[in-house]
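Go by the hints and put chain B onto chain A.
Residue strings, one per chain:
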Amino acid sequence: MSIDIETARRVAKLARIAVPESDLPELANEFSAILGFIEQLNEVDVDGIEPMTSVTPQRLKRRDDVVNDGGQQEAVLKNAPDAREGFFAVPKVVE
Amino acid sequence: MSELSKLKISEARDALKKGELTSVELTQACLSEIEKADALGAFVHKTPELALDMAKAADANKAGGDLNGIPLGIKDLFCTKGVPSQAASGILEGFKPEYESTVTTQLFADGAVMLGKLNMDEFAMGSSNETSVYGNAVNPWKRGNDDAQLTPGGSSGGSATAVAADLCLGATGTDTGGSIRQPAAFVGITGIKPTYGRVSRWGVVAFASSLDQAGPMTKDVRDAAIMLKAMSGHDPKDSTSADLAVPDFEAALTGDIRGKTIGIPKEYRMDGMPEEISKLWDDGTAMLKDAGAVIKDITLPHTQYALPAYYVIAPAEASSNLARYDGVRFGHRAKLDAGDGITEMYEKTRAEGFGDEVKRRVMIGTYVLSAGFYDAYYNRARKVRALIKRDFENVFADGVDAILTPATPSSAFELGAMKDADPVQMYLNDVFTVTTNLAGLPGIAVPAGLDKTGLPLGLQLIGRPWEEGDLLNTAYALEQSVQFVAKPNRWW
Chain A
85 MSIDIETARR VAKLARIAVP ESDLPELANE FSAILGFIEQ LNEVDVDGIE
135 PMTSVTPQRL KRRDDVVNDG GQQEAVLKNA PDAREGFFAV PKVVE
Chain B
15 MSELSKLKIS EARDALKKGE LTSVELTQAC LSEIEKADAL GAFVHKTPEL
65 ALDMAKAADA NKAGGDLNGI PLGIKDLFCT KGVPSQAASG ILEGFKPEYE
115 STVTTQLFAD GAVMLGKLNM DEFAMGSSNE TSVYGNAVNP WKRGNDDAQL
165 TPGGSSGGSA TAVAADLCLG ATGTDTGGSI RQPAAFVGIT GIKPTYGRVS
215 RWGVVAFASS LDQAGPMTKD VRDAAIMLKA MSGHDPKDST SADLAVPDFE
265 AALTGDIRGK TIGIPKEYRM DGMPEEISKL WDDGTAMLKD AGAVIKDITL
315 PHTQYALPAY YVIAPAEASS NLARYDGVRF GHRAKLDAGD GITEMYEKTR
365 AEGFGDEVKR RVMIGTYVLS AGFYDAYYNR ARKVRALIKR DFENVFADGV
415 DAILTPATPS SAFELGAMKD ADPVQMYLND VFTVTTNLAG LPGIAVPAGL
465 DKTGLPLGLQ LIGRPWEEGD LLNTAYALEQ SVQFVAKPNR WW
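Protein chains in written order, with my numbering: chain A, 85 to 179; chain B, 15 to 506.
Extracted from the complex, chain A is given alone in its bound form:
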């Protein structure tokens, strides 16, 4: 499958990665090569096969619905690029 520049631009947007317009053709080519490789999967007969959800046959464990951690505001904010007054700070989101 060949990926066009418009699709490459859309995927970059969905992934929230800024890609300069001049890099899109090369990116589209790389996507095409990788997807071409992946296309081999179409040769496999997968009729009646359930998609794998867990590689080990165990149910996902559930813990008790109780508070078991918390009160670590300082530690949580410690690595933030911009933290103010006990909050993560971001550019204005709501007008």
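Simulated from the structure, these hints should not be mistaken for laboratory data. Don't take each hint at face value.
To be verified - Pulled a few chain A residues facing chain B out of the computed Cβ check, cut under 7 angstroms:
#1 VAL95
#2 ARG100
#3 PHE121
#4 VAL130
#5 ILE133
#6 VAL150
#7 ASN152
#8 PRO165
#9 ARG168
#10 PRO175
#11 VAL177
As the list claims (entries may be wrong) - Pulled a few chain B residues facing chain A out of the computed Cβ check, cut under 8 angstroms:
#12 TYR210
#13 PRO250
#14 HIS316
#15 ILE378
#16 LYS501
Just so you know, even glycine gets a beta-carbon here, dropped at the ideal spot from N, CA and C.
Relative to chain A, chain B alone:
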């Protein structure tokens, strides 16, 4: 003094217990080797003061475990409290975790000493350690008299280099598609990826959560058994961690494999396989037979679809996992222009912080999960994954105890050699290793010989789920037969 860093974990453990050696002496020897080895690019964050404090504590502690006082290197993917942990990515620059990963917590509780953090491919995405923000890790081995710098493999390239060059006694690695076993093979050391769920993933920077497993990279099979025991065990903080007792893996090393059935999968004998790899595999098969194993030809019919399935599933999970790098909670945030909103902040932060291979995989993952393609790519890949797992279940049900394959399709290649190749060429490095990640099985790479240019080659053994002890014992028997003693000539 410098000889001390060449010790194996088992040798150092015994000497420490007898009082013939102190952890401080051993740790200083390693730190001194690390200082002389910057050309190898293995240690990217050195923690000498912390190491000496831990060594002193170990010397004072009479009750430590097998790893008490043993100096280790820790892959940069593991979160270590107060010590930079950035998965070799620019987007985590300056990140110092406020918590300790379960694996390192357990290693330190056993008494292990951390020498520093080890180089790797960015977010563990790569097979040559060339995607690292820190620059290359370099293989201590050279091709004969050729001075060209070679890759130690990836993604655990720094771990491989550090162990092979005797900068530490052992190292942690992680393996999503072969990232422990391929580098171990490229530098002539042992590396095991345990059964999925054996080792907690908590505090290990996530790449592809259904495939990632941590494991040890060591100088021999015994050391792998010792270190794996300390790393393993149930962790309530990882919902996929298995609530199973951890056996004494070292006690399983009898070397007796009489009557064991070793499967040789015909699909791994690929077109164009180099003669040397083919011969290595045949020789390994003959050695296991001589040791009393029964050799059985087997078929794993979906093998050729493992890599394409992996390159749907791993990027899909990566695109989801790496969504957290948004410039809000940790790491890098791009400088914004006037008028930029939150979307521009995400887009610029991620464009600046991620390297090319990471961007490529995140975007491929985004594509295969996007509306209209989810079924065609992601669900189909998960179905093929179920078939790959079933192939293994069938051969195990037929009485096969372990499967022998080559570890890699070649020996270590030159740094930069794949620069202009299409990304798929690099992915082919994992052709023999990726199946076990998809099937959740344990796999171990053991050095098995040298190629004609004098570079190490490895063989891989794949075991039944949760039977790492038996797998390690088969690897031990192979190691006893191979007697691999070659070391790289020191040039750094």
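Consistency of the hints with the structure:
no.: 1; hint: VAL95; verdict: holds, 5 angstroms
no.: 2; hint: ARG100; verdict: holds, 4 angstroms
no.: 3; hint: PHE121; verdict: holds, 5 angstroms
no.: 4; hint: VAL130; verdict: holds, 4 angstroms
no.: 5; hint: ILE133; verdict: holds, 4 angstroms
no.: 6; hint: VAL150; verdict: violated, 13 angstroms
no.: 7; hint: ASN152; verdict: violated, 9 angstroms
no.: 8; hint: PRO165; verdict: holds, 4 angstroms
no.: 9; hint: ARG168; verdict: violated, 13 angstroms
no.: 10; hint: PRO175; verdict: holds, 5 angstroms
no.: 11; hint: VAL177; verdict: holds, 5 angstroms
no.: 12; hint: TYR210; verdict: holds, 5 angstroms
no.: 13; hint: PRO250; verdict: holds, 7 angstroms
no.: 14; hint: HIS316; verdict: holds, 7 angstroms
no.: 15; hint: ILE378; verdict: holds, 6 angstroms
no.: 16; hint: LYS501; verdict: violated, 37 angstroms
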